[in-house]
Amino acid sequence: MKFISYLRGEAFQRGVHPPSSKMTAQMKIRRLPFPPKVTVPLSQHIGKVPRPVVRVGQEVVRGQPIAHTEDWLSVPHHAPVTGVVEFIGLRPSARGPWVESIVIRAYPGATQEDLWGQPRDLSTANGSEILQAIWDTGMVGLGGAAFPTHAKLTVPKQAHVHTLVVNGCECEPYLTCDHRVMVEQADDLVTGIRYGMRATGAVRTIVGIEDNKPDALVAIDAAIKRAGVVPEGEIHAELVPTKYPQGSEKMLVMALFGVEIPAGSLPVALGMVVNNVGTLAALGQLLPAGRGLTERVVTITGPGVARPGDYIVPIGTPLRFVLDYAGAPAESHQVILGGPMMGQAIASLDVPVTKGVSGVLVFRKEDMESREVLNTYPCIKCGECVESCPMGLNPSTLGLLAAKREYEMMGDNFHLGECFECGCCTYVCPSNIPLVQQFRVAKQVLRERAAA
Amino acid sequence: MSATVEIRPAPHIKGERSVEKIMSHVVYSLLPICGFYIFQYGISAVAIILVTTAACLLTERWFITTGTQSGNLGDYSAVITGLLLALTLPPGFALWMAFVAGAIAIVLGKAIFGGIGHNTFNPALVGRAFAQAAFPTAIATYTPSFLPGRFTEFIPSSLAWPLMTPPDVVIWLKERQLDALAGATPLAKWKFEGVSVDAWDLMSSLSGHLAVGPSPLLILLCGVYLAARRYMDWRIPTATLGSACIAAWALFSFDPGHYPDPFFMLFSGGLILGAVYMATDMVTSPVTPRGMWIYGALIGLLTVLIRYFGGLPEGVMYAILIANAATPMIEQISQPRPFGKGKQKHRGASYPLNPSYISREEDAAVTPKKRILKNKPKRDSGSEP
Numbered sequence: 000m001k002f003i004s005y006l007r008g009e010a011f012q013r014g015v016h017p018p019s020s021k022m023t024a025q026m027k028i029r030r031l032p033f034p035p036k037v038t039v040p041l042s043q044h045i046g047k048v049p050r051p052v053v054r055v056g057q058e059v060v061r062g063q064p065i066a067h068t069e070d071w072l073s074v075p076h077h078a079p080v081t082g083v084v085e086f087i088g089l090r091p092s093a094r095g096p097w098v099e100s101i102v103i104r105a106y107p108g109a110t111q112e113d114l115w116g117q118p119r120d121l122s123t124a125n126g127s128e129i130l131q132a133i134w135d136t137g138m139v140g141l142g143g144a145a146f147p148t149h150a151k152l153t154v155p156k157q158a159h160v161h162t163l164v165v166n167g168c169e170c171e172p173y174l175t176c177d178h179r180v181m182v183e184q185a186d187d188l189v190t191g192i193r194y195g196m197r198a199t200g201a202v203r204t205i206v207g208i209e210d211n212k213p214d215a216l217v218a219i220d221a222a223i224k225r226a227g228v229v230p231e232g233e234i235h236a237e238l239v240p241t242k243y244p245q246g247s248e249k250m251l252v253m254a255l256f257g258v259e260i261p262a263g264s265l266p267v268a269l270g271m272v273v274n275n276v277g278t279l280a281a282l283g284q285l286l287p288a289g290r291g292l293t294e295r296v297v298t299i300t301g302p303g304v305a306r307p308g309d310y311i312v313p314i315g316t317p318l319r320f321v322l323d324y325a326g327a328p329a330e331s332h333q334v335i336l337g338g339p340m341m342g343q344a345i346a347s348l349d350v351p352v353t354k355g356v357s358g359v360l361v362f363r364k365e366d367m368e369s370r371e372v373l374n375t376y377p378c379i380k381c382g383e384c385v386e387s388c389p390m391g392l393n394p395s396t397l398g399l400l401a402a403k404r405e406y407e408m409m410g411d412n413f414h415l416g417e418c419f420e421c422g423c424c425t426y427v428c429p430s431n432i433p434l435v436q437q438f439r440v441a442k443q444v445l446r447e448r449a450a451a
Numbered sequence: 000m001s002a003t004v005e006i007r008p009a010p011h012i013k014g015e016r017s018v019e020k021i022m023s024h025v026v027y028s029l030l031p032i033c034g035f036y037i038f039q040y041g042i043s044a045v046a047i048i049l050v051t052t053a054a055c056l057l058t059e060r061w062f063i064t065t066g067t068q069s070g071n072l073g074d075y076s077a078v079i080t081g082l083l084l085a086l087t088l089p090p091g092f093a094l095w096m097a098f099v100a101g102a103i104a105i106v107l108g109k110a111i112f113g114g115i116g117h118n119t120f121n122p123a124l125v126g127r128a129f130a131q132a133a134f135p136t137a138i139a140t141y142t143p144s145f146l147p148g149r150f151t152e153f154i155p156s157s158l159a160w161p162l163m164t165p166p167d168v169v170i171w172l173k174e175r176q177l178d179a180l181a182g183a184t185p186l187a188k189w190k191f192e193g194v195s196v197d198a199w200d201l202m203s204s205l206s207g208h209l210a211v212g213p214s215p216l217l218i219l220l221c222g223v224y225l226a227a228r229r230y231m232d233w234r235i236p237t238a239t240l241g242s243a244c245i246a247a248w249a250l251f252s253f254d255p256g257h258y259p260d261p262f263f264m265l266f267s268g269g270l271i272l273g274a275v276y277m278a279t280d281m282v283t284s285p286v287t288p289r290g291m292w293i294y295g296a297l298i299g300l301l302t303v304l305i306r307y308f309g310g311l312p313e314g315v316m317y318a319i320l321i322a323n324a325a326t327p328m329i330e331q332i333s334q335p336r337p338f339g340k341g342k343q344k345h346r347g348a349s350y351p352l353n354p355s356y357i358s359r360e361e362d363a364a365v366t367p368k369k370r371i372l373k374n375k376p377k378r379d380s381g382s383e384p
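Chains as they are written, first to last, in numbering that gives the first Met the number 0: chain P, 0 to 451; chain C, 0 to 384.
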């Protein structure tokens, strides 16, 4: 037990406090110019790949559907720019392998207005109509996991949802996109929350915000007041103590309600659905306008970036364009999609911003130097990782087993499956052992063995 | 924007702790204790601290250069071993014996297991256990502290030639008319002569010419610093001292004439040094929080048992070594409970799990409150109308 954590009243005992480094927290969201060319990967989300409904050479207007799907666990895509389809085929992706993508060349003279959307009145729509409308927007979880939102808001038949939890924690250092969305788009967020409550049948919504963002709480409280009494139920905003990884839905539910979501089950087992603030705020904008998801707020930051900030970026914008505009230093050494704790370093600047990208983080060589000089020692069994693992695992023993390739034992006796790769153990490890990496390999090997 | 980017796995930021940092802070916290030890025993203490530390470093260097052991000299772990070993040996211990003990501590305690992180037993205690077995007379010969002239003159036994029996300290003390002060450690006095020393004198180590190590109070203070900076786990010393105190108190209340009071138990001998610096050795103690409690409690209990019922006056060393050996088993039974598995307790939170107006039954159904005899029908409920 850590005394400081105890005194601060932190709900979940373990976890870490990395330096927050949120240097763009007070900057207004700005709009990035439209790039000359966008690359829309067909698979930007968890689930099946939709099929393109445009041909090479076809003209598209901004907001027009360009990929369609019949599969429930999949979403359609919309043209992020007005232009002409130049290419449909393999393009590099952030994960490494080349994936099927639609490349659109923007018309330089186009106004880039979304003329496709048909404003509509959803005030009398029932839950399933709203879910269909959400599906049509192509919305996925904007927090990073990119799980299709309509599937997440769908309540299984036998279950009953009473609470919609809105995740405004943004516990990753550096990232501020959710923070700025909460401050600047609080009214849209409340609108989106009302749609979410109607889609799930929840009667209560709680927005969980980490207490390093008090201005977000003020903004949301004001928006709730402006909305008045809503027929869907009550909406509250609540501060929770700042701690990584509070943004994990299990940890947030723990912080708000003091209960642990049973292992292997979803929050719906407790009658809850958890959604990201960015997702709901975007829904609040898109649903009444009848538009599709063509842009998102992305934090572009990192030491040495000349114009860091939160930018509205069209989906499919190549990173090279984004970084040129934001003024990334020439000696950029590492470019990370997402936050520094769980984000993914990318190998090529040609990969596009997709629906699940919440931040672009640029580190220079000198920022990484402190890590280069660290010696790696054998595990000295200090127990720091055990006290940091939010899932209550024993990373020390897991790491020793991983080094011996005892993957079955890790899975069977030491609950490897519970690990969600938050990186706390690697962050604190004084011996500089790449624990999370070993666990990823172990989980992958176990998955392959289970499939074989 | 150049195109040279590197890819690394997440997390891309790193905490500030490193092995070197932890170990060097332990060394820093040991320095005041060593200073006090030198203040007590003069140049003999300086010599023994230097000799054991040098022995540990030289041996470690040999094994690192031959590639048979992990780690490097810069990680400070061998320095800790050397300093702790010196603090557990009597100040007049022959220097050649101390050198052998230091070398053995690294060879048998650390190197043969594979170096830092791999050892099963605390290396300093392995060295001391070897010295205890090899030189039983020398290790039991304590000289009084605060002797006049301690900063100018070595205790004669310190300077014995290698493989020679050291000269008898008792004769040396008699020559200098100090034999009234001569004597064994307070623990040995209690064990063999039935003389008990006041607990406050033991705590400060300052009064009289007690044959004791550095002040337990100072060690506790340094331990608090380490625990506050989280370079040491506070659970192990707490559990060790707590269980030793409880065990000693139980025996004391059972027969006050035969057993000393728990304060004497706590502050005599090496219990405080052992609990704060030896038992908390990260490599040889359990990693699991519950395991640390069990491990510490085991050490405290074993110490009291060995001191009271064993043949030796001091039991801390063997208690810690036995607990080191039990560490893997303790870890096995004390694995942490994963999130969302097993029995969970409901914590205080901002919101009730269910909005209470949905239905009272449902609200109660999810978080059942167990009360003893809840379902037992009241006896007089039937008789009332």
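In short, the hints are calculated from the structure, not lab data. Quick caveat: nothing in here was measured; it's all calculated off a predicted structure. Treat the hints with care, since some could be wrong.
Claimed, not checked - Some chain P residues judged to face chain C by a derived CB distance under 7 Å, without partners named: (1) Pro35; (2) Lys36; (3) Glu259; (4) Pro261; (5) Leu265; (6) Val267; (7) Gln333; (8) Thr375; (9) Gly391; (10) Gln436.
What the hints assert, rightly or not - The following label-pair restraints were derived from C-beta to C-beta distances: (11) Arg370/P with Ala53/C: 53 to 61 Å; (12) Phe150/C with Lys403/P: 35 to 43 Å; (13) Phe86/P with Thr3/C: 20 to 28 Å; (14) Gly341/C with Lys47/P: 44 to 52 Å; (15) Arg446/P with Thr3/C: 55 to 63 Å; (16) Arg336/C with Ala329/P: 26 to 34 Å; (17) Arg448/P with Pro327/C: 57 to 65 Å; (18) Gln443/P with Leu49/C: 28 to 36 Å; (19) Pro96/P with Arg7/C: 16 to 24 Å; (20) Thr3/C with Glu58/P: 32 to 40 Å.
Even for Gly, the Cβ is constructed at its ideal location relative to N, Cα and C.
Status of the hints after comparison with the structure:
no., hint, verdict
1, Pro35, "violated (16 Å)"
2, Lys36, "violated (17 Å)"
3, Glu259, "holds (4 Å)"
4, Pro261, "holds (5 Å)"
5, Leu265, "violated (11 Å)"
6, Val267, "violated (13 Å)"
7, Gln333, "holds (5 Å)"
8, Thr375, "violated (9 Å)"
9, Gly391, "holds (5 Å)"
10, Gln436, "holds (5 Å)"
11, Arg370/P with Ala53/C: 53 to 61 Å, "violated (34 Å)"
12, Phe150/C with Lys403/P: 35 to 43 Å, "violated (54 Å)"
13, Phe86/P with Thr3/C: 20 to 28 Å, "holds (27 Å)"
14, Gly341/C with Lys47/P: 44 to 52 Å, "violated (36 Å)"
15, Arg446/P with Thr3/C: 55 to 63 Å, "violated (33 Å)"
16, Arg336/C with Ala329/P: 26 to 34 Å, "violated (50 Å)"
17, Arg448/P with Pro327/C: 57 to 65 Å, "violated (27 Å)"
18, Gln443/P with Leu49/C: 28 to 36 Å, "violated (52 Å)"
19, Pro96/P with Arg7/C: 16 to 24 Å, "holds (19 Å)"
20, Thr3/C with Glu58/P: 32 to 40 Å, "holds (38 Å)"
Violated hints, listed in ascending order, are 1, 2, 5, 6, 8, 11, 12, 14, 15, 16, 17, 18; each of the other numbered hints is respected by the structure.
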